[in-house]
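Those protein sequence lines, which keep their order, are chains F and Y.
If you're matching positions, the first sequence starts at 6 in the numbering used here and goes up one per residue.
If you're matching positions, the second sequence starts at 3 in the numbering used here and goes up one per residue.
To be clear, the hints were calculated from the coordinates, so they are not data collected in a lab.
Keep in mind that this is a model prediction, so the values were computed, not measured.
A portion of the hints provided could be inaccurate.
Claimed, not checked - Selected chain F positions facing chain Y (in silico; Cβ < 8 Å):
| id | residue |
| --- | --- |
| 1 | Leu-14 |
| 2 | Ser-51 |
| 3 | Gly-88 |
| 4 | His-115 |
| 5 | Gln-227 |
As the list claims (entries may be wrong) - Some chain F residues flagged as far from chain Y (calculated, every beta-carbon gap over 12 Å):
| id | residue |
| --- | --- |
| 6 | Tyr-90 |
| 7 | Leu-141 |
| 8 | Leu-274 |
Just so you know, even glycine gets a beta-carbon here, dropped at the ideal spot from N, CA and C.
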Amino acid sequence: MDVTAQPPLGMLAELTHRCPLHCPYCSNPIELVTRDNEMSTDEWLSVIEQARELGVLQVHMSGGEPLARNDLPVLVGRAADLGCYVNLVTSGLGLTEQRLADLVDRGLAHVQLSVQGADAEMANRIAGVKAHNHKLTAARAVKKLDMPLTVNVVLHRANHHQVADLIALAEDMGADRLELANTQYYGWGLRNRSALMPTARQLAEAEPIVRAATERLRDTMQIVYVVADYYEPYPKPCMYGWGSRQLTVTPNGDVLPCPAASSITTLKLDNVRSRTLADIWYHSEAFNSYRGEDWMPDPCRGCARKGIDFGGCRCQAFLLTGDAGATDPVCSKSPDRGLIDTILAGTPSEPPELVMRKNTIKVV
Amino acid sequence: MATIELDSTPRLRRGVRLTYDKTRETHVLLFPEGVLVPNDTAAAVLQLCDGAATVAEITAELGHKYEGVRVADVQAVLTRLAERRVVQWT
Ligand SMILES: C[S@@+](CC[C@H](N)C(=O)[O-])C[C@H]1O[C@@H](n2cnc3c(N)ncnc32)[C@H](O)[C@@H]1O
Ligand code: SF4
Ligand code: SF4
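Okay, chain F solo, but in the shape it has when bound (with noise of 0.2 Å):
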C-alpha cells in the first residue's frame, strides 16, 4: 500500500497544549503533553524543514494555545519562508496587535479564532474563563492588519440556539469565513457527550437559518456548516482518507494520520524525535493501517459511497465500537449503527453539568 501514497498537503502542528481556556468539549485528549515534555524550538523548526521536504504546502499552528509558546515567531518565520500557507489556530488570548503584527511580518497568511458563544455571558461560561472581550480585541486587531479571518464556532446544546446571533457576530467581526462546527466527540468532549448533544429540534430550527444567511452572505463571508454525524445517515469524509492529505504532530512528537487518533490505543504511534517524518508518512504502520481500501470491512467493500467517505471516521469506530477497522458506526449500513440510536435515544430531556477541560499546566 505504502507505494500509492501521495506527498501530504497539510500539517497540524499542536505545538503545545497549554491553553488558558477550559472548553468542555475539547477535542485534544484528556492527557495532555506537560510543558517539560514538549519538544524544542530546534525539534519544531527540523520538523517543519521535513514537512515542506515531504510536500507540506499547509501547516496550522495550533495547541492548546499556540500563543503560549514564545518561539512562535520564529516557526512562522520559517514555514513561511519555505513557502507555506501558514494559519494561526488561536483562541485569540494573547494575540495583540503588536505580536500579530510580528507575525505577519514573518509571513503568517491567516488567522482562525474560535469564538465560544454568541454574547460575554454564553461565551465565558463555556470557556470556563472571561475570555469573550479578549477575542473581541484580538479579531480587530486581525482587521486592523487586513488578515483573512476565520471565525470557528463549536456547536452543541447549549448555544445551538444562538446560531443567528454567532453569525451575526461573525459578520460585525468582519469575517471572511464563518466555521459553525457541531461537537465531534473525541477527547475531553467525548466525556459530555450527553450534555452536549444538540436535540434533533434544535439543529432542524437551525437549518433555515444556516441555510439563508449562506445565501445572503455568499460574496462577503463563506460560510461552512459541519453537520451532528450522529444524526446523519452516512458518515463524515475523515481526513478525506486516512494518511492521504495531513498529518498531525503532537507536542511532544507523536506523528498521527487524524488529530484524534491517539484515542485508537491499539495503534502504534511513531515520533518525530526517533523517526524522520517522511518515513513515518509512508512506512509506519500508524499511516498506513488505514490508508486505500484493503483495509475496510464488508459493507463498505462493496459500497459505492466507499470513494466519498472513505468508510468514515477510524477514531470513531474504535471509541464506539473497540475496534478501529470498522465502519463508522454513525452509517445507516453498519452493524453498529443501533449503538448510536441508542445515544440519541437517551438525549436527556435535561442537559447534566458540562464539565469543564482541566488544564493542570499552566500557561505563561
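Let chain F serve as the given structure and place chain Y with the ligands on it in line with the hints.
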C-alpha cells in the same frame, strides 16, 4: 457574484495565495481550507489577476504568449475559479 465583463478587474480572494511548488513542480493555490492545483491555462490567467488589469487586458497579455486566446475562454476560466472561491472581481 456578478457575471464577468470585459472591463471587470479580477483578483485573488482575500486569503488566497498563488505560488510555485518545487516539490510537485506545479503552481498551487493555497487558502485556509485546502490546496488547489490549477491547470496551466488557469495558472497563466491567475498570474495576471492583480486587481488592476481588466479581462480585456489579461486576454491581450496572454495573446502575446499563446496563440488563439479568446476572451470567452478567459471568462470561462475565471467563472470556474470564482465558483471555487478563488477569485473575485469588481
Ligand atoms: C483544539 S483547538 C486548538 C486551538 C485553540 N485552542 C482554539 O480552541 O481555537 C482547534 C480547533 O478545534 C476546534 N474544536 C475543539 N474541540 C472541538 C470539537 N469537539 N469538535 C469540533 N471542533 C472542535 C476549536 O474550536 C478550534 O477551532
Ligand atoms: S480548551 Fe478550548 S481553547 Fe483550549 S485547546 Fe481546547 S478547544 Fe482550544
Ligand atoms: S458502508 Fe462504508 S463506505 Fe458505504 S456509506 Fe457506510 S461507511 Fe461509507
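Evaluated hints:
no., hint, in the structure
1, Leu-14, "5 Å, holds"
2, Ser-51, "18 Å, violated"
3, Gly-88, "6 Å, holds"
4, His-115, "5 Å, holds"
5, Gln-227, "6 Å, holds"
6, Tyr-90, "4 Å, violated"
7, Leu-141, "20 Å, holds"
8, Leu-274, "26 Å, holds"
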